[in-house]
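Visitor: So the chains spell out like this:
2 protein chains.
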Amino acid sequence: MDKKLIGVDLGGTTTKFAILTTSGAIQQRWSIDTNILDEGAHIIPDIVTSINHHLKLYQMVPEQFLGIGMGSPGTVDRQLGTIIGAYNLNWKTLQQAKQEIEAGTGIKFAIDNDANVAALGERWKGAGENDDNVAFVTLGTGVGGGIIADGHLLHGAAGSAGEIGHITVDPKGYLCTCGKHGCLETVASATGVVRVARDMAEEYAGDSELKQTLDDGNEISSKITFDLAKAGDPLAKMVVDRVAQYLGIALGNVANTLNPTFIVIGGGVSAAGVFLLNQVQAYFDDYTFPQVRETTKLKLAELGNEAGVIGAGSLALAFA
Amino acid sequence: MDKKLIGVDLGGTTTKFAILTTSGAIQQRWSIDTNILDEGAHIIPDIVTSINHHLKLYQMVPEQFLGIGMGSPGTVDRQLGTIIGAYNLNWKTLQQAKQEIEAGTGIKFAIDNDANVAALGERWKGAGENDDNVAFVTLGTGVGGGIIADGHLLHGAAGSAGEIGHITVDPKGYLCTCGKHGCLETVASATGVVRVARDMAEEYAGDSELKQTLDDGNEISSKITFDLAKAGDPLAKMVVDRVAQYLGIALGNVANTLNPTFIVIGGGVSAAGVFLLNQVQAYFDDYTFPQVRETTKLKLAELGNEAGVIGAGSLALAFA
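Protein chains in written order, with our numbering: chain A, 1 to 320; chain B, 321 to 640.
Since the hints were derived computationally from the structure, they do not count as laboratory data. Heads up, the beta-carbon is just placed ideally off N, CA and C, and yes, glycines get one too. Treat the hints loosely; a few may be bogus.
[Unchecked claim] Label-pair restraints from in silico Cβ distances:
hint, chain 1, residue 1, chain 2, residue 2, range
1, B, 614, A, 215, 41 to 47 Å
2, A, 151, B, 515, 35 to 41 Å
3, B, 515, A, 275, 37 to 43 Å
4, B, 397, A, 282, 27 to 33 Å
[What the hints assert, rightly or not] Covered stretches of chain A, going by a simulated chain B footprint (3 or more residues, C-beta under 8 Å):
hint, region
5, 141 to 150
6, 162 to 175
7, 254 to 260
8, 280 to 290
Using the sequences provided together with the hints, build the complete structure.
Guide: Written as C-alpha cells, this is what we have:
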C-alpha cells in the first residue's frame with residue numbers, strides 16, 4: 001500500500017493539517033487554533049497531540065506515513081529542523097521542531113518556510129501545473145515568495161532566495177520593516193496598498209469615494225480600495241494602477257532573471273483576481289523582453305488556503 | 321587514464337579552444353580567427369578541422385575525450401545542438417553544430433550560450449569558488465549573464481534565464497535593442513556607459529576633461545570614462561556613480577530574488593576593477609535586505625578570457 005504524507009501549515013492564528021497521498025490528493029483535513037500563550041510553548045506540543053489524536057481517530061499508525069512536512073513563519077533551519085524569530089508565534093528562542101515532533105509522533109519530519117511551502121503547493125497541484133520553473137508571490141499582510149527553478153526549490157546561500165517582497169521597486173520609496181527603502185512589500189502588501197492609497201489621496205483633488213472615506217477619518221483596506229476601483233472610483237483606479245505598476249516591474253524582473261514558465265500570484269490581495277492580474281500583465285509586458293514576455297505566463301493561484309498543507313506535505317516526499 | 325574535455329568558445333572575431341582535465345586544468349590552448357564570410361558557412365567546418373588537426377598534433381584520439389563543449393552567441397537549442405540568429409557570426413539559417421561536429425570529430429558534443437558558459441567557467445574555476453549558488457554578469461559590448469542556483473545552471477522556460485542585461489533598471493530609460501526601455505544593458509554595457517556620459521555631459525556646466533573631449537567632437541569609450549573618473553574628473557565621477565547605481569539596483573534585485581553566495585562581475589567594463597566594484601557595492605548594500613546583504617558577496621571575475629573555454633569544457637562533464 002502506498003504510504004501517506006502529513007502536511008502542517010503553521011500560522012499565527014490557525015494551524016492547518018492534512019493527510020495526503022503521495023500524488024497530492026487530500027484525504028483528511030483539520031485545523032486547530034494556534035496557542036501563542038507562554039512564549040509559544042504550547043505550539044509544538046499541540047501539533048504533536050493533534051497529529052497523534054487524528055491518527056488514532058482514523059485508525060492509522062506512524063508506519064503508514066513517509067513523513068510530516070511543515071511550513072512555518074520565521075527563520076527555518078532546514079537541516080536542523082529548527083525555527084527562530086517567528087514573532088507572530090511569540091517564539092523568542094530557538095524551537096526544536098524536528099526533534100520534538102519526530103520524538104512525539106514517531107514520524108520523520110521536514111520543514112521549510114511558509115512562503116516556500118505555499119510555492120511548492122501551487123507548483124505541484126495548483127496554478128504551477130507541476131512545471132519545473134515556477135515563481136510564486138503571495139500578497140498578504142506581507143509579500144512573500146518562493147521559486148522553483150529547474151525542478152528545485154531555491155534557498156540560496158542563507159535561505160533567503162525567493163524573498164520577492166524585498167525586491168526594490170523604488171529606490172526612493174517607503175521604508176520597509178527590513179530596513180531598506182522601496183521594497184515591493186511596502187506597496188503591494190495589504191497594508192502597502194492602503195499606504196499608497198493614503199498618500200495618493202493627499203494629492204488628489206477630484207471627486208472620489210475613496211478620498212471621501214479617508215477624509216472622513218474612516219479606515220480603508222486593500223479590499224475596499226480594489227472594490228472601489230472595480231466600481232470606477234477614479235482615485236482607487238489610480239492606486240490600483242500604481243500598485244500594478246510596482247508588481248509589473250518586480251515580477252517582470254523576476255521573469256527577466258529566471259524566465260519561469262509561470263509566475264503565480266496568491267495571497268489575500270490576489271482576491272482582487274482578474275481585475276488586478278490584467279493590470280499587472282500590462283506592465284509586465286512593458287518590463288519584460290520579448291522572449292520572456294512570450295514564454296513566462298502570469299497566473300492567479302488556485303489552491304487558496306490549501307497551498308500550505310499541500311506544499312508542506314510534499315516536503316515529506318524527500319523521505320521516499 | 322582520466323578522460324579529457326575539449327572546450328570551444330565561439331566568438332565573432334576569434335574562436336578559442338582548450339583541452340582540459342576533468343578537474344578543469346587547461347592542458348593545451350589555441351585559437352583561430354572566426355571566418356564569418358559566406359554567411360558563416362566556414363565556422364563549423366573550421367572548428368572541426370582545427371580540433372582534428374590539434375588532436376593529431378598532440379597525438380591524441382577521440383576515445384581519450386569525454387566530449388566537446390561549446391559556448392556560442394545567438395539562440396542555442398541545447399537538446400538539438402543547433403544555433404540560430406547569431407548576427408555577429410553572419411549566420412542567417414539554423415546551424416547543425418552538434419550533428420556536424422560529432423560527425424566530423426567522432427566526439428560527443430554539448431552546447432550552451434556564451435554567457436552561460438562563461439558563468440559555468442567562473443563558477444567552477446574562478447571567482448565562484450565552485451559554489452552551488454553563483455550569479456554571473458558580463459559587462460561588455462552587451463550585458464549578459466548566467467545563474468547557477470542549487471548547483472544547476474538555470475535556463476528557464478525558453479532558455480532566457482540569466483538575461484541580467486535585460487533587467488529593467490529605469491522604466492523611463494533608454495530604448496534597448498530588445499525593444500523595451502531601461503534595460504541594464506542600455507546603461508552598463510561599454511556603449512551604455514558612453515551613452516550615459518554623453519547625456520550627462522549635455523547637462524553638465526562645470527570643468528571636465530570628459531566634457532571637453534565630447535565637446536571637441538572626439539570619441540570616448542567606457543575605458544576613457546572610468547580612467548578619467550579614477551583621475552578625479554568630476555563629470556566622469558558622476559557618470560560612474562550613475563552606472564554603479566544601476567548595477568547596484570539590478571544586482572541587488574538578483575540577490576534579493578536568489579540570494580546567491582557570489583555575484584561575479586566580468587567582461588570588458590569590469591576591467592575598471594575594484595574602483596567600479598566598490599561603488600557598485602555601496603549601492604548594492606542600499607538595495608538589498610539585511611540577510612542577503614550579509615550573505616551574498618559581489619566579486620570581480622578571475623578567469624578573464626579563459627572563462628569561456630573552461631565553462632564550455634565543463635559541459636562535456638555531462639557525458640561522464
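Visitor: When the structure is checked against the list of hints, which entries are broken? Sort them ascending.
Guide: none
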